[in-house]
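There are 2 protein chains.
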Amino acid sequence: MSIHFNKDEGSKIKLFTPGPVYVPERVLEALAKPNDTHRSKPYSEMHQMAIEGLQKILFTKNECLIFTSSATGIMEACVRNLLKKDENGLFLSIGAFGDRWHEIGVANGKNAIKAGVEWGKPITPEFVKEELSKNKYSVVVLQSNETSTGVYNPLNDIIPVIKDSGALVCVDATSSMAGIKLEVDKLGIDVCLASVQKCFALPPGLAVCSVSDAAIEKANQVENRGLYFDFISLVKKNKVYQTPNTPPIPQIRGLVVQLDYILDDEGLEKRFERHEQLGKRTRIWARDMGLEIFPEKGYESNTVSTMKNTLNIDYAKMVSIMLTKGFRIVNGYGSLVNKTFRIGHMGEITLENLEEMLKVLTDVINELRLKK
Amino acid sequence: MSIHFNKDEGSKIKLFTPGPVYVPERVLEALAKPNDTHRSKPYSEMHQMAIEGLQKILFTKNECLIFTSSATGIMEACVRNLLKKDENGLFLSIGAFGDRWHEIGVANGKNAIKAGVEWGKPITPEFVKEELSKNKYSVVVLQSNETSTGVYNPLNDIIPVIKDSGALVCVDATSSMAGIKLEVDKLGIDVCLASVQKCFALPPGLAVCSVSDAAIEKANQVENRGLYFDFISLVKKNKVYQTPNTPPIPQIRGLVVQLDYILDDEGLEKRFERHEQLGKRTRIWARDMGLEIFPEKGYESNTVSTMKNTLNIDYAKMVSIMLTKGFRIVNGYGSLVNKTFRIGHMGEITLENLEEMLKVLTDVINELRLKK
Numbered sequence: 001m002s003i004h005f006n007k008d009e010g011s012k013i014k015l016f017t018p019g020p021v022y023v024p025e026r027v028l029e030a031l032a033k034p035n036d037t038h039r040s041k042p043y044s045e046m047h048q049m050a051i052e053g054l055q056k057i058l059f060t061k062n063e064c065l066i067f068t069s070s071a072t073g074i075m076e077a078c079v080r081n082l083l084k085k086d087e088n089g090l091f092l093s094i095g096a097f098g099d100r101w102h103e104i105g106v107a108n109g110k111n112a113i114k115a116g117v118e119w120g121k122p123i124t125p126e127f128v129k130e131e132l133s134k135n136k137y138s139v140v141v142l143q144s145n146e147t148s149t150g151v152y153n154p155l156n157d158i159i160p161v162i163k164d165s166g167a168l169v170c171v172d173a174t175s176s177m178a179g180i181k182l183e184v185d186k187l188g189i190d191v192c193l194a195s196v197q198k199c200f201a202l203p204p205g206l207a208v209c210s211v212s213d214a215a216i217e218k219a220n221q222v223e224n225r226g227l228y229f230d231f232i233s234l235v236k237k238n239k240v241y242q243t244p245n246t247p248p249i250p251q252i253r254g255l256v257v258q259l260d261y262i263l264d265d266e267g268l269e270k271r272f273e274r275h276e277q278l279g280k281r282t283r284i285w286a287r288d289m290g291l292e293i294f295p296e297k298g299y300e301s302n303t304v305s306t307m308k309n310t311l312n313i314d315y316a317k318m319v320s321i322m323l324t325k326g327f328r329i330v331n332g333y334g335s336l337v338n339k340t341f342r343i344g345h346m347g348e349i350t351l352e353n354l355e356e357m358l359k360v361l362t363d364v365i366n367e368l369r370l371k372k
Numbered sequence: 001m002s003i004h005f006n007k008d009e010g011s012k013i014k015l016f017t018p019g020p021v022y023v024p025e026r027v028l029e030a031l032a033k034p035n036d037t038h039r040s041k042p043y044s045e046m047h048q049m050a051i052e053g054l055q056k057i058l059f060t061k062n063e064c065l066i067f068t069s070s071a072t073g074i075m076e077a078c079v080r081n082l083l084k085k086d087e088n089g090l091f092l093s094i095g096a097f098g099d100r101w102h103e104i105g106v107a108n109g110k111n112a113i114k115a116g117v118e119w120g121k122p123i124t125p126e127f128v129k130e131e132l133s134k135n136k137y138s139v140v141v142l143q144s145n146e147t148s149t150g151v152y153n154p155l156n157d158i159i160p161v162i163k164d165s166g167a168l169v170c171v172d173a174t175s176s177m178a179g180i181k182l183e184v185d186k187l188g189i190d191v192c193l194a195s196v197q198k199c200f201a202l203p204p205g206l207a208v209c210s211v212s213d214a215a216i217e218k219a220n221q222v223e224n225r226g227l228y229f230d231f232i233s234l235v236k237k238n239k240v241y242q243t244p245n246t247p248p249i250p251q252i253r254g255l256v257v258q259l260d261y262i263l264d265d266e267g268l269e270k271r272f273e274r275h276e277q278l279g280k281r282t283r284i285w286a287r288d289m290g291l292e293i294f295p296e297k298g299y300e301s302n303t304v305s306t307m308k309n310t311l312n313i314d315y316a317k318m319v320s321i322m323l324t325k326g327f328r329i330v331n332g333y334g335s336l337v338n339k340t341f342r343i344g345h346m347g348e349i350t351l352e353n354l355e356e357m358l359k360v361l362t363d364v365i366n367e368l369r370l371k372k
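In the order they appear, the protein sequences are chains A and B.
When we follow the numbering used here, the leftmost residue of the first sequence carries the number 1, and every step to the right adds one.
When we follow the numbering used here, the leftmost residue of the second sequence carries the number 1, and every step to the right adds one.
No lab work stands behind these hints: they were computed from the structure.
All figures in this text were calculated on a predicted structure; none of them were measured in a lab.
A couple of the hints might just be wrong.
Put simply, identical chains are the same to the list, so a pair is met inside one copy or across any two.
[Unchecked claim] Derived DSS-like pairs (lysine-lysine); straight-line CA-CA distance at most 27 Å:
#1 237 <-> 114
#2 239 <-> 317
#3 317 <-> 339
#4 61 <-> 41
#5 129 <-> 270
#6 359 <-> 41
#7 339 <-> 7
#8 325 <-> 41
#9 41 <-> 12
Start from the sequences and build out the full structure, keeping to the hints where you can.
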């Protein structure tokens, strides 16, 4: 299994990563189609299909926007569009990507206050109540699924508490959107954002979000929003199914193909169920192997599983042996390297794909245990 | 010729637009190849090839960076990274995109001063000297090729004047990079930026730039740079051939394929010559048709030609008739609608392609004149 870049040949590695993930053939074909320009009628028709599909995925009537950026770009957009100079933002964090959002707040000169819990644990409604009582916050941001720890926050319980405080709420749903059900309008989420190289099973280069009327109204009052990530000019162009700047047209064509597949072929509820089963199966496998799950019980993600190093294995070695066998799984993130490893099971991964990989991984782990 | 979006079928329109432009088959094939993740060895090898190729295109030893954004994103990056709160930036403008860069400066709360000339005219060294004498400027930004007017600024004469003042100089080379020769190190350009859907003949979704050591040093001293467009974290990750956030991997694979083609197959000087010939041929055609060229003589772009409405034709109608014949040319930009029209001849357009289109356009124009 060559792990060198070959200009003329695509990668043959099977990705069990928490993004970028395996991209199905129908999307690869879509990427290779010639397109008209972003100011043409065919583009606008495609843009409209994309945002109407996103509204269905997110259970929302809110405006859905298309960004030429990674999800981090929309995280920066939230900070710049929604927080006035003298206001406070609460950045709830359960891992590396929560911490990064707080860093973005600080790097943009905002009053960004972080409230984090021990990695592996979720945010609880009690924790949020306690934090909200300490200060007046205009905006609260949090992750749905924290890619670094594999924890899924209990959003249905947390968000009503935040909404009660009157703050705008922004959710980074990067590694769960289109994989785990999240009802934007029911919960009143003001900005729900994601990049598409996770559960949408598209290649990276495109990020999307929904924006509530309240968020748009707020942006109108905030100074120094910049131009590139300005919600107001994005919303304005979105009304005519365009973007202010040139968008990543191949990825948008791919998105339309995937939205059609998700909504009309697989079915949205079936897709959520499949991700549930992938999560369950991985946790059963881990338990059978004697590998303790890193997240607190009841808060395990169904798109990425994080296992502790209960067997005291060299995880870096395990990952590189798996690579020689054609599978990419990933080591722990940041400070969790070698203390945990992660299996991504999102996008178009099937139970059969997962079983095939787990079989190989079981052998690799058993071999490594024998050699110790 | 259908001008509706078809999910299963690519556009058949032949683009003679100033971006996004016609994408050659070899790039479309590259987009459809599966990729490993952005933290893998194959990705880093690809990233390295991309930035080393860019250095050759730009005649520079400066760091070349990859952005998940349109060119507008890097224009915002220049403003945020290089201008301190109390410093002045001079925004030289010869058209709509120059004006936009100034808007970006203002939208980011900077002391952004615009100095523009009449549309159709270039910036001259005398004009710059005069402007620089009025104030102390830390940064001066300008366009190489102004896509809205089809004017190419005399950079070889202007930039030495700016450098003499000690200011950092940023050049938006969006519609000329890889089509018109610009020697970054010889001129001492601090940031030279472009998106790839113009002369590189790639689909949109990726922007690139070179950054000088002086620009990096300056960024280190500027507060409130944000995180998404932060030169410092981009440069840091670039040293290990990665990006801080997930990049548009398909477009980067396409870029490597195009850089190889440009440098090894067509040859860089031959590519510049081809664009020169495309510009000349279009101007000869226009003169023969009785269409006056919009830019001042001697400053006409070789990637996009702008013609006045000397024949008093309905340009909107002309553009839509051309579309029914399978060719997209474009109306004037902004306030120049119907007063000018534009033909893009950049990227992989050949003289033969151009002749084919001009033949059809000649007939359309003659027919419109008869009907008057």
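Report task. Have a look at residue 339 and residue 7 and pick one of within, between, both or neither, based on CA distance no larger than 27 Å. Result -> neither (35 Å within a copy, 45 Å between copies)
State whether the alpha carbon distance between residue 129 and residue 270 is at most 27 Å within one copy, between copies, both, or neither. neither (35 Å within a copy, 67 Å between copies)
**Study point:** Intra/inter-copy verdict for residue 359 and residue 41 if alpha-carbon distance must be at most 27 Å
**Key:** So residue 359 and residue 41 pass the 27 Å test across copies only (25 Å; inside, 49 Å).
My question is about residue 239 and residue 317: at a cut-off of 27 Å on alpha-carbon distance, are they close within one copy, between copies, both, or neither?
between (51 Å within a copy, 25 Å between copies)
Checklist entry - What label fits residue 317 with residue 339 when the C-alpha limit is 27 Å: within, between, both, or neither? => result within (13 Å within a copy, 66 Å between copies)
From the Cα coordinates, with 27 Å as the cut-off, is the pair residue 237 and residue 114 best called within, between, both, or neither? between (34 Å within a copy, 25 Å between copies)
Within, between, both or neither: how does the pair residue 61, residue 41 come out at a Cα-Cα threshold of 27 Å?
within (24 Å within a copy, 42 Å between copies)
Have a look at residue 325 and residue 41 and pick one of within, between, both or neither, based on CA distance no larger than 27 Å. Between copies, since 16 Å is at most 27 Å while 47 Å is not.
Q) How do residue 41 and residue 12 come out at 27 Å by Cα distance, when the copy is not named: within, between, both, or neither? A) Answer is between; shortest inter-copy Cα gap is 14 Å, intra-copy 37 Å.
In the structure shown, a violation is registered for the earlier hints numbered 5 and 7, in ascending order.
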